[in-house]
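Colleague: From first to last, the protein sequence lines are chains A and B.
When the count follows the working numbering, it moves up by one through the first sequence with no breaks and lands on 477 for the last residue.
When the count follows the working numbering, it moves up by one through the second sequence with no breaks and lands on 221 for the last residue.
Fair warning: there could be bad hints in the mix.
[Said to hold, decoys possible] Short, incomplete list of chain B residues facing chain A, as computed with Cβ under 7 angstroms:
| # | residue |
| --- | --- |
| 1 | Asp8 |
| 2 | Gly15 |
| 3 | Leu108 |
| 4 | Ala110 |
| 5 | Met113 |
| 6 | Leu115 |
| 7 | Val119 |
| 8 | Thr120 |
| 9 | Glu129 |
| 10 | Ala132 |
By construction, these hints were calculated from the structure, which means they are not laboratory data.
The C-beta atom is built at its ideal place from N, Cα and C for all residues, glycine as well.
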Amino acid sequence: MVVISDIVVQGVQMLLVLLLAPLLTGFVRKIKARLVLRQGASVLQPYRDLLRLLRKEVVLADNASWLFRVTPYVTFAAIWVAAALVPTFATGLLFNWTADLIAIVALLGSARFFLALAGMDVGTSFGGIGSSREVMIAALAEPAMLLIFFCLALVAGSTQLSTVANFMASSYVGLRVSLGMAVIALIMVALAENARIPIDNPTTHLELTMVHEAMVLEYSGRHLAMIEFGAFLKLLLYISLIACVFLPWKIAVFGTGPLSYAVGAGAYIVKLAAAGFFLALFETATAKMRVFRVPQFLGAALMLGLLGTLLLFVSRSF
Amino acid sequence: MHSLAFDVSHTLAGGLVLISFMMLYQDRLYSLLNVFALHAVVLALSVAWQAFVQGAPHLYITAAIALVFKAIVIPVALHRIIKQLGIHRDIESAVGIGPTMLAGMALVALSMVLMLRVTAEADPLAREDLAFALSVVLLGLLVMVTRRNAVSQVVGFMSLENGLVLAATGARGMPLVVEISVAFSILIAFIVIGIFLFRIRERFDSVDVSALDDYRGEHR
Numbered sequence: 160m161v162v163i164s165d166i167v168v169q170g171v172q173m174l175l176v177l178l179l180a181p182l183l184t185g186f187v188r189k190i191k192a193r194l195v196l197r198q199g200a201s202v203l204q205p206y207r208d209l210l211r212l213l214r215k216e217v218v219l220a221d222n223a224s225w226l227f228r229v230t231p232y233v234t235f236a237a238i239w240v241a242a243a244l245v246p247t248f249a250t251g252l253l254f255n256w257t258a259d260l261i262a263i264v265a266l267l268g269s270a271r272f273f274l275a276l277a278g279m280d281v282g283t284s285f286g287g288i289g290s291s292r293e294v295m296i297a298a299l300a301e302p303a304m305l306l307i308f309f310c311l312a313l314v315a316g317s318t319q320l321s322t323v324a325n326f327m328a329s330s331y332v333g334l335r336v337s338l339g340m341a342v343i344a345l346i347m348v349a350l351a352e353n354a355r356i357p358i359d360n361p362t363t364h365l366e367l368t369m370v371h372e373a374m375v376l377e378y379s380g381r382h383l384a385m386i387e388f389g390a391f392l393k394l395l396l397y398i399s400l401i402a403c404v405f406l407p408w409k410i411a412v413f414g415t416g417p418l419s420y421a422v423g424a425g426a427y428i429v430k431l432a433a434a435g436f437f438l439a440l441f442e443t444a445t446a447k448m449r450v451f452r453v454p455q456f457l458g459a460a461l462m463l464g465l466l467g468t469l470l471l472f473v474s475r476s477f
Numbered sequence: 002m003h004s005l006a007f008d009v010s011h012t013l014a015g016g017l018v019l020i021s022f023m024m025l026y027q028d029r030l031y032s033l034l035n036v037f038a039l040h041a042v043v044l045a046l047s048v049a050w051q052a053f054v055q056g057a058p059h060l061y062i063t064a065a066i067a068l069v070f071k072a073i074v075i076p077v078a079l080h081r082i083i084k085q086l087g088i089h090r091d092i093e094s095a096v097g098i099g100p101t102m103l104a105g106m107a108l109v110a111l112s113m114v115l116m117l118r119v120t121a122e123a124d125p126l127a128r129e130d131l132a133f134a135l136s137v138v139l140l141g142l143l144v145m146v147t148r149r150n151a152v153s154q155v156v157g158f159m160s161l162e163n164g165l166v167l168a169a170t171g172a173r174g175m176p177l178v179v180e181i182s183v184a185f186s187i188l189i190a191f192i193v194i195g196i197f198l199f200r201i202r203e204r205f206d207s208v209d210v211s212a213l214d215d216y217r218g219e220h221r
């Protein structure tokens, strides 16, 4: 009986991320449009886009290899698994023993690896430039992310995300400068990884500035739908990661019954909406930076992560 | 031990280290001065918190001195000096930003390792304060080493002294006379440096200290 309810809750979690991801992106777009005094598309527009793309025919280049056709599914699957591992409304789910921070980084890394390969597969210059830029950003963002996770793991004493979230929800945490640095660095990394505005503009089609878009330019039809869906899921993943680690209020502890699950889900949706609102506000207020300044931006994130980890050694718990 | 007192002082002292890094990162003179003023404000907060925690009212005077002199008087005076000298507002650094940051990280790690070894039995509050203070001092020295502009070297020197004040407040039982005399010696050093700045500028038409090397006949 317990096993069945475990499976049900984990299944609800997997479906929840799948259903909420396009809504979140639509919400961010809507807020952005409203902030610049435009009407904006409906919040449900990303769902319609996905359906439209799924119905369309796939156009493949003659020299596209199997890698090009497999990549959308691999990417989507890896990101979905990673998003299902992050606790959203409850900790201690069925998969929580695999919900390791380093495993999540590895899943996202392999998704990006396949995308970068596929970008170069057809041999167009756009794909190549997109891949090379994406890999440059990733090469700086991943060490920063790993350092942030080391910092968290040193604080919580575990790299398991459920344990970390439970620890952060407890009163043992206190006020720590390391955690402040970690959250700022994680937000910077999340902006870079999701191709958001100071690093990359997801809506542009100008060859000087586009990074992610250039890489997936050759995709069409259901392949493009998978890739877009993966991008929506990734944004949701990062926001829920930040929410469950740094704002774990009202998150349900394992086995506390359906009521606390419902409260946890409500709190989760509120957190998502708040994060989406602030993301839209931030994106409207800043300009995109030059590609050559990206290393400085991510270097600052890396530095914050490293400094946070170093400062932990003088706090008393260690 | 788990207390708010420790957490707040840890946060303030860690913030001081972070602002030292921000100082290393700046490449404009005016923004460097603003960051320095912020450094002094955080220092004053940190010292005032220590005064509250330790129940040592004379530390409030130290905090007030830090706030008035370092956060207001010296930055304003430096602003005026820069304006009067009419020098370039860009800072020419001898080493690039990236290597400087890495060196700063290495210095922070060094001071942590050293202080944790040396003060193994000390009170944790004093221990973390000393570790942070040593890293602020070393970062101040790094600012002085990596900058070629004399004004930014002055700022590095002043931030180094902030680290000394942090260390002094962490160690209990520091007499007030010592702190006041340190504060005034810094003020006098600042005046002397200010006069030197004008002298250097008069003679070389610039405050780039590499001009001094040329004058001594050291060609690089």
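Colleague: Look at each hint and say if it fits the structure.
Modeller: Here is how each hint holds up against the structure:
| no. | hint | result |
| --- | --- | --- |
| 1 | Asp8 | holds, 4 angstroms |
| 2 | Gly15 | holds, 3 angstroms |
| 3 | Leu108 | violated, 11 angstroms |
| 4 | Ala110 | holds, 6 angstroms |
| 5 | Met113 | holds, 5 angstroms |
| 6 | Leu115 | violated, 12 angstroms |
| 7 | Val119 | violated, 13 angstroms |
| 8 | Thr120 | violated, 10 angstroms |
| 9 | Glu129 | holds, 4 angstroms |
| 10 | Ala132 | holds, 5 angstroms |
Against the hints set out earlier in the document, violations occur for numbers 3, 6, 7 and 8.
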